[in-house]
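Please arrange chains P, U and Y on chain S, whose structure you already have, making use of the hints.
Protein chains in written order, with my numbering: chain S, 590 to 1046; chain P, 590 to 1046; chain U, 590 to 1046; chain Y, 590 to 1046.
Bear in mind the hints are in silico, worked out from the structure with no lab data behind them. Just so you know, not all the hints are guaranteed correct.
Identical copies go unnamed one by one, so any copy, or any two together, can satisfy a pair.
PhoX-like, lysine-lysine: derived pairs with alpha carbons at most 20 Å apart [to be verified]:
1) Lys982 - Lys1000
2) Lys979 - Lys873
3) Lys982 - Lys873
4) Lys799 - Lys1024
5) Lys642 - Lys966
6) Lys873 - Lys939
7) Lys1011 - Lys966
8) Lys982 - Lys1001
9) Lys682 - Lys665
10) Lys923 - Lys933
11) Lys1039 - Lys1024
12) Lys642 - Lys653
13) Lys941 - Lys733
14) Lys653 - Lys665
15) Lys646 - Lys657
16) Lys941 - Lys873
The model shown is predicted, which means the values in this text are computed figures rather than measured ones.
Number of protein chains: 4
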Amino acid sequence: MGKFWGSRFDGSTDSLADEFSFSISYDCRLALYDCIGGIAHARMLGECGIIPKSDAKKIAAGLKRIGKKIESGQFKFDPREEDVHSNIQSALKKDIGAAADRLHTARSRNDLIVLDMKLYCLVELNLTIEMISDLQRSILEFAKRHREIIMPAYTHLQSAQLVLLAHHMLAYVEMLERDKGRLKDAIVRMDTNPLGSCALSGSTLPTDRKMVTELLGFLATTNNSIDSVSDRDFIIESVSALAMMSMHFSRMCEDLIVWATSEFNFVDIDWSMCTGSSIMPHKKNPDICELIRGETGTIYGNLNKLLVLLKGLPLTYNRDLQLDKPPLFESVEKMQLMLQLLEKLFQTLKVKPDQIAIQTGNESFYSVDIMEYLIQKGVTYREAHDTVGKLIKGCLDQGGRIVDLTEAQLKKYHPKFAADVKKLLKPEISVKRKKSYGSTSPTSVARQFKYWEKILN
Amino acid sequence: MGKFWGSRFDGSTDSLADEFSFSISYDCRLALYDCIGGIAHARMLGECGIIPKSDAKKIAAGLKRIGKKIESGQFKFDPREEDVHSNIQSALKKDIGAAADRLHTARSRNDLIVLDMKLYCLVELNLTIEMISDLQRSILEFAKRHREIIMPAYTHLQSAQLVLLAHHMLAYVEMLERDKGRLKDAIVRMDTNPLGSCALSGSTLPTDRKMVTELLGFLATTNNSIDSVSDRDFIIESVSALAMMSMHFSRMCEDLIVWATSEFNFVDIDWSMCTGSSIMPHKKNPDICELIRGETGTIYGNLNKLLVLLKGLPLTYNRDLQLDKPPLFESVEKMQLMLQLLEKLFQTLKVKPDQIAIQTGNESFYSVDIMEYLIQKGVTYREAHDTVGKLIKGCLDQGGRIVDLTEAQLKKYHPKFAADVKKLLKPEISVKRKKSYGSTSPTSVARQFKYWEKILN
Amino acid sequence: MGKFWGSRFDGSTDSLADEFSFSISYDCRLALYDCIGGIAHARMLGECGIIPKSDAKKIAAGLKRIGKKIESGQFKFDPREEDVHSNIQSALKKDIGAAADRLHTARSRNDLIVLDMKLYCLVELNLTIEMISDLQRSILEFAKRHREIIMPAYTHLQSAQLVLLAHHMLAYVEMLERDKGRLKDAIVRMDTNPLGSCALSGSTLPTDRKMVTELLGFLATTNNSIDSVSDRDFIIESVSALAMMSMHFSRMCEDLIVWATSEFNFVDIDWSMCTGSSIMPHKKNPDICELIRGETGTIYGNLNKLLVLLKGLPLTYNRDLQLDKPPLFESVEKMQLMLQLLEKLFQTLKVKPDQIAIQTGNESFYSVDIMEYLIQKGVTYREAHDTVGKLIKGCLDQGGRIVDLTEAQLKKYHPKFAADVKKLLKPEISVKRKKSYGSTSPTSVARQFKYWEKILN
Amino acid sequence: MGKFWGSRFDGSTDSLADEFSFSISYDCRLALYDCIGGIAHARMLGECGIIPKSDAKKIAAGLKRIGKKIESGQFKFDPREEDVHSNIQSALKKDIGAAADRLHTARSRNDLIVLDMKLYCLVELNLTIEMISDLQRSILEFAKRHREIIMPAYTHLQSAQLVLLAHHMLAYVEMLERDKGRLKDAIVRMDTNPLGSCALSGSTLPTDRKMVTELLGFLATTNNSIDSVSDRDFIIESVSALAMMSMHFSRMCEDLIVWATSEFNFVDIDWSMCTGSSIMPHKKNPDICELIRGETGTIYGNLNKLLVLLKGLPLTYNRDLQLDKPPLFESVEKMQLMLQLLEKLFQTLKVKPDQIAIQTGNESFYSVDIMEYLIQKGVTYREAHDTVGKLIKGCLDQGGRIVDLTEAQLKKYHPKFAADVKKLLKPEISVKRKKSYGSTSPTSVARQFKYWEKILN
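Isolated chain S (complex conformation):
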């Protein structure tokens, strides 16, 4: 058939125009959803007496056969058929003959494409959520394997305080949990059936849209036919959530890239996630982390494409909307691939405790601990802060260490200092003494482990 709308035309479209406008090269991803939607629609048409029940059954049986071929990869898409709908329609006609001519009753490509896209999103976003949980589990296991390791944490990429590596990892798990939340919210919001809104105004035929809603398992039926065919919020919202997740990935990968330098030297990324150099045989480059960081641009750009696409479009359907597909598909596929890669990456990531220990020797890490020691003795924050500043500056200037100061020397900085302050100056003590909820203390981290084990199992 080539095109759905050919009947009244004198001329034919230009071949370059076809190349530019045909969408079958990418919307073939929707083929199975097109069949599933068609089966439900045909059944409803039959039940409501709009088409003969016998034809409805033929359509359903034909679409099931086509669906199975699609699932097994045997269905051949014809690039001369402009889109997924015409491909399926033609295949159906070939399979069941005249009855196929009744399938497109009381629907239009305007509502049909929204249906297909929603079904795609519902399936793929749910799958993505599962993959996020897999990644969270991988990070959680990594954190538990290294629960003893204390490392510097950074602000401004300047070493600041000592934390458990596991605590840092659990921050990633938190970030990913919010990503899941956003995808779940998007799923609930989009879970409404648009089919039967037709081109934009509904149908004079006695359809039962709620039957289709139930057959397809949607939560609800869209209430306004114009909005049904104009709305692409669900696509933008999906990619927006993925863009935030890709931002999270870029931050994790940046951490890893920095930690894997020979200067930091905290971790060893597995060779399976690295490459070498064509000219410098000693190199081990964190390529997968770099590419994941780089793909942030891809997902951001896709969000940008979609937002620009919709800007200023009058209601209802405009052909521009066809271009919502490539950015969505690419974002979903790339993010799923990256989720799996990161899962493997944390499974194989090695930590270098000895190298990390080299970087935890600086007494500056304890400045807050010392300051709070004074505060607990009744000193004000301001005075304690200034005192510690002078103490550290004093040691730096004279090349000494706090741990070597006598009680008398300490008391010159502040009379409330006693020798016991020097007991604070150990990594284990520093993290263990943390008391606040959500802190990096082993107790707090253990509580987090328990929480996530429950959530993720």
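Just chains P, U and Y now, with coordinates in the frame of chain S:
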């Protein structure tokens, strides 16, 4: 005091560097939240015995006084104090003296700024939601005032079918309801108290973060101190939701701009929302609609700013994060202003029924109705579609009208045609005969009215 | 060989990692440039005595054979070879044997990929410039075919003044000329040979980079090896220029979409650039124009991808840079396709003079002409402006026309009015009386025709 | 006067609409250009006999007085006047009385705003170019001060080869030179006078636009009045060039942030460009570098704002275009501030040669040198590459160093090895032996110094 961190420095920052890095010109918006957070924090410090209760009371009283000045616009921000925190701290010191030096105990600017920003977002997004409801009500009232009006609906900006103007308006109400949903979801997700996470690792002092959570009315307390100070998801998610809403605005305004042309001539936008021309005295330009459409770029750009800002930042806090504020503030303020403008715009918008009627005379509007007439007589979709195509082409070619065809002439196109098909060719009939759920029929629109009246009251 | 850098590895990369990181699916576009660069490089190596001349000749001959296969479409890319370089290298090894092992001397993939990308850009941007000229010629011919037609011009989409359709078209030609200028500037700026910069620091071998520069026809040789391999400005600048051109396309297409509505009805877009509707047989939708408008999002998004990609990357090469290719290739290919489509669109576009004439009847179009009539009689701008405002309002309020006012009635508005003012109220007069340089008068338009004929031939 | 176009209106605009649409808060930056343009325009009107010469003189004198007030900061902008044009017009009327009413003859706000914006861009971009040269000089001086220092260069943030720090710095100078080139090209392209295009179609008055062009020093006069008022390319192109420059800044700052970590420890950023921590007194944070990196988002976002703004706007002027100003102004002002900050930063930046030396001890840095040693002895690239891979792996596995291997041991890896290969393993030798044009050898760097001294003086 100037800067929080001045104590140990030999040099001083450059004045140009100050101009570049000081944030008081915009983060002054957070002053009230800074006080509110400080009051709760001080009370907790007192209750937990970390600072003297008497000092806690002084701090609370002082911050209340400062808060009142801020509310009444009497508080003078000092541009030489780098940010809102140092402004409040200095004012408190002046007011209550030494006790002020204890406020910054067991907190850091890293957790404090997240607290302030979350309080800002919670208040402003809730206000935005109310404003969206106001706009929805304004559109609903407009729709109800014009519930009889039938107009062309467009796909590809080509007139397609006839709909009730009210139905088109209710599509806007649907779009806005999703916008509210996204803001509500963002609110729930961000409603966790970060205060007490300190710089990044928590505190050794025996704080009770959950008390602060309760005092400030948060739903929960953040579970991981590193994530608490690194996370800016709530800002991006807020602006992302606003960006989608601005996209909706751009589509509504595009509709109105097109409808207000002398060629379409469907509506008359009130002079209060228009301007004239300096050189063409007859012009009445829909400036407010154009500016709202243009501001889409502003909100999109702000989302872009935030996403780029966060890309590739290692955990935890980095100074880059300071720049999250201007895009958020501008987006919130502009969107709130536009919500109010659109509310007024629909209150004053006039419809031109006579002009609209001129455009509804084309029989092509009924092609689907005629097609479905045939389908109801058992004709397949394909055959019915082709028949109507030939019928309309036939009339166009011969310059005739369907309504003037004899039954015999009609039957030449298809034997199932009878004279009663000509009864379909009236706007009122076309919309009234729509039966599907969510269609443009008066019954469906009345059902939508009832639904929204319940939701919005 | 699979990977260039495999020699010292114990493990092997993950298959998912390969899927994620292999670039051959898109960088195959660079294959010919890889050969061309290799031929020049090998010749230089031979001339400089770095490799045997006989080997240099074998390499050149082999690469020529491979290049011919690529040109004729016979070269088979192996998806298991990670990128274009390894594909060509493997093919060369198969073809000429051991001598192939000398090709990668004194170069690295870091400088090689920049070379290939620059050659691609130079060729494709020059081709794009020719296509822009073709489109300009098509618009110019269209303008000349309709040089008599007078139509309303719009500000704020409100009809403002009368212009020659040709003048409006020549605005498009101006826009496109700037697009060419930007591409030309980008070409000049990027026309420097990076090959021989090696990984980042240059080579200890006695290479002659300037010989390669000459052989490949570059304007100059890059001066700093670190910058040579880090720089991706030329890609961003190219896509940035294309993004502005796509913005121009979106404006042209918006004009055409509006003009093609049944309400404006100024033009008839050829069926070869339109599609129909599956459910509304009477529709003729301007799909190509809509898709071109929509692709603006694609090109903008690609620019965004590139900018985000580069943000915050430390020098020198990082693997993220691999992702510069898909956005560039898609942008170039889509823009070239759209250039050709628009060329055809204007070749087949029909104008509807009778319909346009219907919209030119409003006397408001002459308000500026009348105002300037008064100014020429010595009235100030302010007074003339106010007078015309009152005149037009007066006629609107009383339902009269200026052309029917008596001289006495006119003089009530302003004593300087005489009966001859009514002669101004004709479309032909309005455009003909324009005198300023660059105006819409037939003389000015003829001058522009002459100018562009010279430029474009 | 309030608004230019008030004469024929019955109602008045809404106060909220005014708040939303008035631009005086930001377009006040254009006031001086508005005067300068007005002076030239008035003189031309007088010379052409369109207005009395005496009035032209009064206007010019009045605008000069106003211009002086603006320059000295004494001019008071009235926020109730909607924009800069009405502010100047009102001030002129107050100053010279009735003659002021003739200024707006043969121009419109549509061409006037383009004139003002072009004059702003021409001045500010030229100033920006000078500031870039200043920064280049600052970097060049820094490079020359440290011309002896050899440091690791990185690919993938993995240490790769040794280079002169100065060579790395000269890469920055190259990047900045391209930035200047783009600004210069933009300047040439925009240097055309639009004034006299009026609203969109030109004027019937006998203006001499080329006289205005000469008086204002433009290179040329715009050729098409419709394009003149619709075009905003020059703004987008300017911000696009600035966005690429901000990307360069983000890369430089990323380098510095990484180098300033205690783990790399290559440089010491001056305290004047740093801040401390409120809770960790030992911290010295590279805030200015972080903020400059963060502002990349700001400039990218502004480019995005502008591109989105223009997307899909029909010709000619639409009110949306007003919003082109804030993104341009912010981009120009922030980039100029950052240029000055970076200039100071390099003036005060300290290098830590001893710390750098610690990181240059790894023999892997010489792998390419050793490989090329073999190639010079006739070994193929492939064989040399594999040999060096095995040599380095062998040493790593056995914990030995190449420098300690005997000639016999070396020959086991490859018979062409001789003891002299060990002479290569020194930083000074590594950089000195580089021969290729543009390499990091001292000779090449000296050549670059000479080149830039000539260019920048």
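key: Hints the structure fails to honour   = No numbers; nothing is violated.
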